[in-house]
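K.L.:
These are the residues of each chain, in order.
Protein chains: 2
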Amino acid sequence: MGMDVAPEVLGSSAAVLDAARRASVDYADRAAVNTDRSGFVPQSLPDGVVFAESVEDVVQAVKLAAAHKVPLVPRGAGTGLAAASSASAGEVVLDLSRMNRILSIDPVEQIAVVEPGVLNAHLNAAVAEHGLFYAPDPASTAICSIGGNIATNAGGMRCAKYGVTRESVLGLRVVLADGRELRTGRDTIKGVTGYDLNALMIGSEGTLGVVVEATLRLRPLPIATATVAAFFPDVAAAAAAASAVIAARLQPSVLELVDGPTLAAIDAALGTNYRSRGGAFLLAQTDGFGAHLEMDVLVNAIEPFTAELQRAADTAEAEALLTARREAIPSLEKMGRVSIGDIGVPRGRLAEAVTGLADISRRTGVRIFTIAHAADGNLHPIIVVDPQESVTEGPAKAALGEMFRLAQSLGGTLTGEHGVGLLKRDWLRDELGDVSLEVQHAIRRALDPQGILNPGKAI
Amino acid sequence: MGMDVAPEVLGSSAAVLDAARRASVDYADRAAVNTDRSGFVPQSLPDGVVFAESVEDVVQAVKLAAAHKVPLVPRGAGTGLAAASSASAGEVVLDLSRMNRILSIDPVEQIAVVEPGVLNAHLNAAVAEHGLFYAPDPASTAICSIGGNIATNAGGMRCAKYGVTRESVLGLRVVLADGRELRTGRDTIKGVTGYDLNALMIGSEGTLGVVVEATLRLRPLPIATATVAAFFPDVAAAAAAASAVIAARLQPSVLELVDGPTLAAIDAALGTNYRSRGGAFLLAQTDGFGAHLEMDVLVNAIEPFTAELQRAADTAEAEALLTARREAIPSLEKMGRVSIGDIGVPRGRLAEAVTGLADISRRTGVRIFTIAHAADGNLHPIIVVDPQESVTEGPAKAALGEMFRLAQSLGGTLTGEHGVGLLKRDWLRDELGDVSLEVQHAIRRALDPQGILNPGKAI
Numbered sequence: 001m002g003m004d005v006a007p008e009v010l011g012s013s014a015a016v017l018d019a020a021r022r023a024s025v026d027y028a029d030r031a032a033v034n035t036d037r038s039g040f041v042p043q044s045l046p047d048g049v050v051f052a053e054s055v056e057d058v059v060q061a062v063k064l065a066a067a068h069k070v071p072l073v074p075r076g077a078g079t080g081l082a083a084a085s086s087a088s089a090g091e092v093v094l095d096l097s098r099m100n101r102i103l104s105i106d107p108v109e110q111i112a113v114v115e116p117g118v119l120n121a122h123l124n125a126a127v128a129e130h131g132l133f134y135a136p137d138p139a140s141t142a143i144c145s146i147g148g149n150i151a152t153n154a155g156g157m158r159c160a161k162y163g164v165t166r167e168s169v170l171g172l173r174v175v176l177a178d179g180r181e182l183r184t185g186r187d188t189i190k191g192v193t194g195y196d197l198n199a200l201m202i203g204s205e206g207t208l209g210v211v212v213e214a215t216l217r218l219r220p221l222p223i224a225t226a227t228v229a230a231f232f233p234d235v236a237a238a239a240a241a242a243s244a245v246i247a248a249r250l251q252p253s254v255l256e257l258v259d260g261p262t263l264a265a266i267d268a269a270l271g272t273n274y275r276s277r278g279g280a281f282l283l284a285q286t287d288g289f290g291a292h293l294e295m296d297v298l299v300n301a302i303e304p305f306t307a308e309l310q311r312a313a314d315t316a317e318a319e320a321l322l323t324a325r326r327e328a329i330p331s332l333e334k335m336g337r338v339s340i341g342d343i344g345v346p347r348g349r350l351a352e353a354v355t356g357l358a359d360i361s362r363r364t365g366v367r368i369f370t371i372a373h374a375a376d377g378n379l380h381p382i383i384v385v386d387p388q389e390s391v392t393e394g395p396a397k398a399a400l401g402e403m404f405r406l407a408q409s410l411g412g413t414l415t416g417e418h419g420v421g422l423l424k425r426d427w428l429r430d431e432l433g434d435v436s437l438e439v440q441h442a443i444r445r446a447l448d449p450q451g452i453l454n455p456g457k458a459i
Numbered sequence: 001m002g003m004d005v006a007p008e009v010l011g012s013s014a015a016v017l018d019a020a021r022r023a024s025v026d027y028a029d030r031a032a033v034n035t036d037r038s039g040f041v042p043q044s045l046p047d048g049v050v051f052a053e054s055v056e057d058v059v060q061a062v063k064l065a066a067a068h069k070v071p072l073v074p075r076g077a078g079t080g081l082a083a084a085s086s087a088s089a090g091e092v093v094l095d096l097s098r099m100n101r102i103l104s105i106d107p108v109e110q111i112a113v114v115e116p117g118v119l120n121a122h123l124n125a126a127v128a129e130h131g132l133f134y135a136p137d138p139a140s141t142a143i144c145s146i147g148g149n150i151a152t153n154a155g156g157m158r159c160a161k162y163g164v165t166r167e168s169v170l171g172l173r174v175v176l177a178d179g180r181e182l183r184t185g186r187d188t189i190k191g192v193t194g195y196d197l198n199a200l201m202i203g204s205e206g207t208l209g210v211v212v213e214a215t216l217r218l219r220p221l222p223i224a225t226a227t228v229a230a231f232f233p234d235v236a237a238a239a240a241a242a243s244a245v246i247a248a249r250l251q252p253s254v255l256e257l258v259d260g261p262t263l264a265a266i267d268a269a270l271g272t273n274y275r276s277r278g279g280a281f282l283l284a285q286t287d288g289f290g291a292h293l294e295m296d297v298l299v300n301a302i303e304p305f306t307a308e309l310q311r312a313a314d315t316a317e318a319e320a321l322l323t324a325r326r327e328a329i330p331s332l333e334k335m336g337r338v339s340i341g342d343i344g345v346p347r348g349r350l351a352e353a354v355t356g357l358a359d360i361s362r363r364t365g366v367r368i369f370t371i372a373h374a375a376d377g378n379l380h381p382i383i384v385v386d387p388q389e390s391v392t393e394g395p396a397k398a399a400l401g402e403m404f405r406l407a408q409s410l411g412g413t414l415t416g417e418h419g420v421g422l423l424k425r426d427w428l429r430d431e432l433g434d435v436s437l438e439v440q441h442a443i444r445r446a447l448d449p450q451g452i453l454n455p456g457k458a459i
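Chains as they are written, first to last, in UniProt numbering: chain A, 1 to 459; chain B, 1 to 459.
Each hint should be verified, as a subset may be incorrect.
Pairs count within a copy or across copies, as identical chains cannot be separated in the list.
[As the list claims (entries may be wrong)] Calculated lysine to any residue pairs in the SDA-like style (CA-CA distance at most 25 Å, straight line): (1) Lys63 with Gly433; (2) Lys69 with Val435; (3) Lys69 with Ala442; (4) Lys63 with Leu437; (5) Lys397 with Ala358.
If you're looking for bench data, these hints aren't it; they were derived computationally from the structure.
All chains should be modelled from the sequences, with the hints used to inform the complete structure.
P.N.:
If you want it as structure tokens, here you go:
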């Protein structure tokens, strides 16, 4: 290990960092891994980082951590939005970003086997050559890792039709808290031998095991897609149009809502002029053999609510529209410090949720921008504060709490796809109840009795 | 309780059956619940049956069983195929078939809330009035319960496109082994608070908790379907055609393979003449806005292999073809005692699996009939023996063991959708390995330390 920190300061961590392969205690390395994109910044830095390059590196690090009772924080690309991979003094970060190889692509079985550090967009570029795609597509696709997607059960735009990460992961290779290797799932599409440990690991934020390899289900690229951008006088009209799409029994592959203030932020960042065309925006895509027919019906359903409709003439025009949506969060990040909410509500209550968010903004004085995966009822209300202000204390935290209560009052959830991490633990009991939390802690104790893996996160 | 059995014979069970509401120790009741449709018949009868009519009945029975350390065997409609609900002396059956109310249907959110005893076909009939369907459709749809579907993570014909039971269950209300009530999942499409206890419960065969209520995801009935029956010279040609469908990157909602001997059995039972038209049969259905276009491409893909093609002109003709497939197992049951295999293989290896099954039949002298969910690589090789012979001992058991080794040698699984129960435990360790089984037992101990719920099953 490096020499920036005296071993006696580190306590038990020193023994781990001393013995582990590819460990560093350099200040720059530690500072680079103590937080994510949640806006939460721990008061201290972790004691060190292990840069795993192989399963053996992971096994060694976990065994050392277990032997010395040192908390280990698994980390992918650091793009999490719930502080699930943030780390502080007394903890060692297990960085998996160097395990970034695509191990195999089987175009016949439509399966890929990857290491956890592979970036989502890199995988999609590689499988596109075979006419396939990996469905989960977080807006951060260009910079987020498959391992992180698995840790949070990440979603994205396409999960309206194709499901979230859980629906695209067939099997996992996992290092448990005592260093044993576990295989979950299988290589076949279906299978029910034993309990669904695969689903249990997905979304567990690294608290039950460290994912070191994943077998992923790919899907054929659609034979056709149809894309429409619709502009509305206000966000309530856009939400009503989204509900009309669901009521018309359609299954768009993408149905994204963006409110007016966010459109203005996108325009400022990209030099576009979306905001001038309406006070809210709905981006819809259909795919498959009936893509254009289904889009005709979709357009009929939303037309009564729209101010303007733009049907993409080709892939380039469609891609430009998708890019605008993907750039929403980066555009807002240019305006200040952001905290990205992630509430889910029953789909028919989207308009109530949008109205409720405006109320919260008024009451708390906090600026809230809203984008939503409308077909799933999954909203991302984004709080933006001045760069020197905190998003995890004061009015921003109060607004976050009110958002959760709003979701709860509408029969919804605290987090649709970003996870709990450290950021949302305060509201977890209200949603899950005592029995569920007790059961979850019992499972965690059964798998990690010493609490070595990412303690304090997720549950 | 009734008086067929003296309390002193029952030991601890007497205390449970004495105190539980709606308990019976009548011979007829006990004889009616000791086995399922697996062909496995326990040597003795359970001590009694509790016929639960409410959540309170279940809680009371579980608490009594826990207090007296009596094993409780949850039971739905008794249509299981792996002896997961078979019960013997020393055990009490918790029969949930009277909890058969559809509690609500929300056509806007496309959600239904049901009790576990609701039959799959009853639910589908009720939601069809709203233009919706519940996707999982085991061949036993007319007689199997939603609770049993959840216990086994059941599949069916439509899961080629719509996924298995896990993909259609949003939330559960579960009574744990100590009588506490747990809620898993949620009412929204997406949600990632805490571990995925919902998926953990699904497929756990009643060993982790008793499902007393389920919130189910419904889907819009497709706007169009296209159905084709194709006949082939032999089963190898049919398997090659199925592989060609996958290779053509199509997504049929149904792709069912039936071999020649099974066609003959169907003909004998239904008075049809399928066997005269070919030595194997493939039933394909596409749905959605592009159903007919996609079917054109599918027909092109399989035509080189076919002897005859029948494109259904209307819904009635399509339904007749689906019925023939659904009647395959009942038709074989008329020929003798059956044991229904359930192996899964990678989709591209379907033809090898079919050939391997023919080899097993030759080597063991056991008659094997084969039907398959071809799009998932999920085969049901069906062993038929004379009524007086056993399907769980002797040559039939040897053939079952060889089937599993065949699946394993092709990179597949012991069970695609029927579950493990008692029937497949002998081969479980070979598939899952020691670490996975240890983890599963650790989870079971964490949730049910006394081993009250369905001991000896599933894992």
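K.L.:
So, for every hint listed, does it hold in this structure?
P.N.:
Status of each hint after checking the structure:
| no. | hint | verdict |
| --- | --- | --- |
| 1 | Lys63 with Gly433 | between (34 Å within a copy, 21 Å between copies) |
| 2 | Lys69 with Val435 | between (28 Å within a copy, 22 Å between copies) |
| 3 | Lys69 with Ala442 | both (19 Å within a copy, 21 Å between copies) |
| 4 | Lys63 with Leu437 | between (27 Å within a copy, 21 Å between copies) |
| 5 | Lys397 with Ala358 | within (16 Å within a copy, 65 Å between copies) |
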